[in-house]
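Line order of the protein sequences matches chains A and B.
Residue 1 is where the first sequence starts when you use full-length UniProt numbering, and the numbers rise one by one after that.
Residue 1 is where the second sequence starts when you use full-length UniProt numbering, and the numbers rise one by one after that.
In short, the hints are calculated from the structure, not lab data.
Just so you know, not all the hints are guaranteed correct.
Once the Cα atoms are required to be at most 20 Å apart in a straight line, the calculated PhoX-like pairs of lysine-lysine come out as [said to hold, decoys possible]:
(1) 10/B x 77/A
(2) 30/A x 88/B
(3) 88/B x 37/A
Output of the computed footprint for chain A on chain B, the stretches with three or more beta carbons under 8 Å from beta carbons of chain A [claimed, not checked]:
(4) 64-70
(5) 73-83
Only some residues are given here: those of chain B computed to face chain A with a beta carbon under 8 Å [what the hints assert, rightly or not]:
(6) 7
(7) 9
(8) 10
(9) 14
(10) 18
(11) 19
(12) 47
(13) 50
(14) 51
Note that the structure is predicted; figures quoted are calculated from it, not measured.
C-beta: ideal position from N, C-alpha, C; glycine also.
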Amino acid sequence: MYAYDRYDQAMVDARVAEFRDQCERRLAGKLTEDQFKPLRLMNGLYLQLHAYMLRVAIPYGTLNGGQMRMLATIAEKYDRGYGHFTTRQNIQYNWIKLEDAADILADLASVEMHAIQTSGNCIRNISSDHFAGAAADEVADPRPYAELLRQWSSFHPEFSYLPRKFKICVIASEQDRAAMRLHDIGIRIVGRDGELGAQFYVGGGMGRTPMIAPLIRDFVPLDQLVTYSEAALRVYNRYGRRDNKYKARIKILVHELGAEEYTRQVEEEFAHLLEQGVEPPLAELERIKGFFELPSPLRHSREGGNPAEGAVREESGPPDQVRGDGFESWARHNTHAHRNPDYVSAIVSLKPVGGIPGDATADQMRVLADLAEQYSFDELRVMHTQNVVLPHVAKDDLPALWQALSDAGMGTPNADLMGDIIACPGLDYCSLANARSIPIAQRISERFAANGKEAALGELKLKISGCINACGHHHAGHIGILGVDRKGTENYQLLLGGSEAEDTSLAKITGPGFDERGIVDAVETAADVYLREREDGERFLDTYRRIGMAPFKEALYA
Amino acid sequence: MNLITGNDLKTGAVTWWTGDGWSTLIEDAVDAGDDAEAIATREEAARRVNVPYVVEAAPGPDGTPRPSHIKERVRALGPTVRPDLTLKPDDPQAIEQVI
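In isolation and in its complexed conformation, chain A is listed as follows:
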């Protein structure tokens, strides 16, 4: 994985020193809150429902054991012993003191981490496929390109005050595991006639006006990746609305201009920028790529093939070992095909039955750090589904890994099942929320663990947001839940038919909302309709798309 050079480290260290001075001046009364707020937000420090909240960037969700161990230390030393992994592959701490903030950033900087650009109207943390560099189906590791864009977008003077926040995602496979088309810019690395290039999807997003990004360029040579990104941003920065924050995202601009006209303007700007020489030298990209090479043992399978080169190998599939306990179920649900057939990527569930989605204690983080070092070449990934991945695990090590995870409360075999619920912090923590999300997730998780339907339902992605900002991705859930405020009371709308995968679609509201208990019953009712109506091999989403909303509404509102 990427390691800071002296410039990276110097920039981050300088920012820590600058923020320390700003915090001291705020605490001494030399800065007002209005003056200080934009400064703290530039460093990821929010004032939330109960205290300050710090959001720490985890670039494209990749970190090593030492970094995870530092996240544990921060949780214990400065917070209340836990952290919350987010749908943007970051981590948040909910109980931060302003007087500790600079010390925390200094601790983060000591392991090459920071909280820069995790808030504000700038280019946020670049997200990616959590199986990047390991997946059997990708044409290249997307992370070097994500890292190049991270470097380009960090402290970019032209894009530090955009009309609104800006999220970029980079993947490199047909299968979309990162909600790519629901980003402001979604980039898919593709192969064409032996050459790699980038598809650009621009103008997607969730929030109060969900939109699926249209394709605006089918192939950008990778030695023009930054230039094309700059053109796309420049048109947005120039014409994106600044009069109304709810209409300021790039999706509104692309929608109002039309994808064709937006594309025309980007192409015009792109042609201009090509003459300016803004693209970094290829040597820099090659330098970055060097950090992401597969660890040596992963380059050769036992059969002697070289999975790092040439065509994608047949999927390695779940491990061969079969045992009579929970291991078999975990291995079936929580492993993913690796490009080396002797290995898998293992999904660590942060969704125990009745637990808080995405929360991990300091002790659990330390276990993850240890297991990464022991079993996964010192690598971890944070998933946008609020779980963690150990990307390179030898199949032979899986039983021991599963045992260690189970002992630490992280061995629940529920990846992509009903219990694997995405939930934003909601009204329990977030000052923007209208309703609580986490208790709804907990009750649904408990209901389906008790009724035994989870396994029968198979893949079912349930996502809950506590307000229209959609941090819980409810628009993209096979089943989505949106918490709203109805005259001071929590109410929950049910949505069906969303997908954030390569078959991206936006969920539709079923009808009138439900109260806290009613929404749990409603989810079970919808699940029962699926179990009754499904045909062989159909997922919940497939059945919904075939039969439509009517049978669900009939059952829900009978």
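Here the structure of chain A is known, so what remains is to put chain B in place on it, guided by the hints.
Here is chain B on its own, set in the frame of chain A:
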């Protein structure tokens, strides 16, 4: 009744106007009446509270001020999903009273 709430600058903790200072316990909060906005402005200028604002409330069953909106009730207690992190970790009824 009008309560004034804000955050402690150093810790970020939720605080409530008591009539002569600030407390983390809503039980100590008092009705600031029509002077609420003026008190909030004065206290912020004196740096005794961060980002104060006025919230509506009514006396609860035990006479303690109960904010009208659930968001303020959650602020007053702590996260309903982590009773151990609330201000009343030993009171099993506390969360029910918030909801």
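Quick rundown of the hints versus the structure:
Taking the CA atoms of residue 10/B and residue 77/A, the gap is near 16 Å; set against the 20 Å cutoff, the hint holds. Using a Cα cut-off of 20 Å, the hinted pair residue 30/A and residue 88/B is violated, with the two alpha carbons roughly 36 Å apart. About 31 Å separates the Cα atoms of residue 88/B and residue 37/A, which puts this hinted pair outside 20 Å; it is violated. Given a C-beta distance limit of less than 8 Å, the hint that chain A covers the segment 64-70 of chain B holds, as 3 residues qualify and 3 suffice.
Remark: the segment 73-83 of chain B is confirmed as covered by chain A, as 7 of its residues place a Cβ nearer than 8 Å to a Cβ of that chain, reaching the required three. A hinted interface residue such as residue 7/B counts as satisfied when its beta carbon comes closer than 8 Å to some beta carbon of chain A; here the least separation is about 6 Å, so the hint holds. Proximity of residue 9/B to chain A holds as hinted, the smallest CB-CB distance being about 7 Å (cut-off 8 Å). Because the closest C-beta pair between residue 10/B and chain A is about 5 Å apart, less than 8 Å, the hint holds.
Contact between residue 14/B and chain A, as hinted, is supported at the beta carbon level, the nearest pair being about 6 Å apart and thus within 8 Å. For the restraint placing residue 18/B at the interface with chain A, the shortest Cβ-Cβ distance is roughly 19 Å, beyond the 8 Å limit, so the hint is violated. Because the closest C-beta pair between residue 19/B and chain A is about 23 Å apart, greater than 8 Å, the hint is violated. Satisfaction of the interface hint for residue 47/B is found here, the shortest Cβ-Cβ separation to chain A being roughly 5 Å, below the 8 Å cut-off.
Taking 8 Å as the C-beta cut-off, the interface hint given for residue 50/B holds, the closest approach to chain A being about 6 Å. The closest approach between the C-beta of residue 51/B and any C-beta of chain A is roughly 6 Å, which is under the 8 Å cut-off, so the hint is satisfied.
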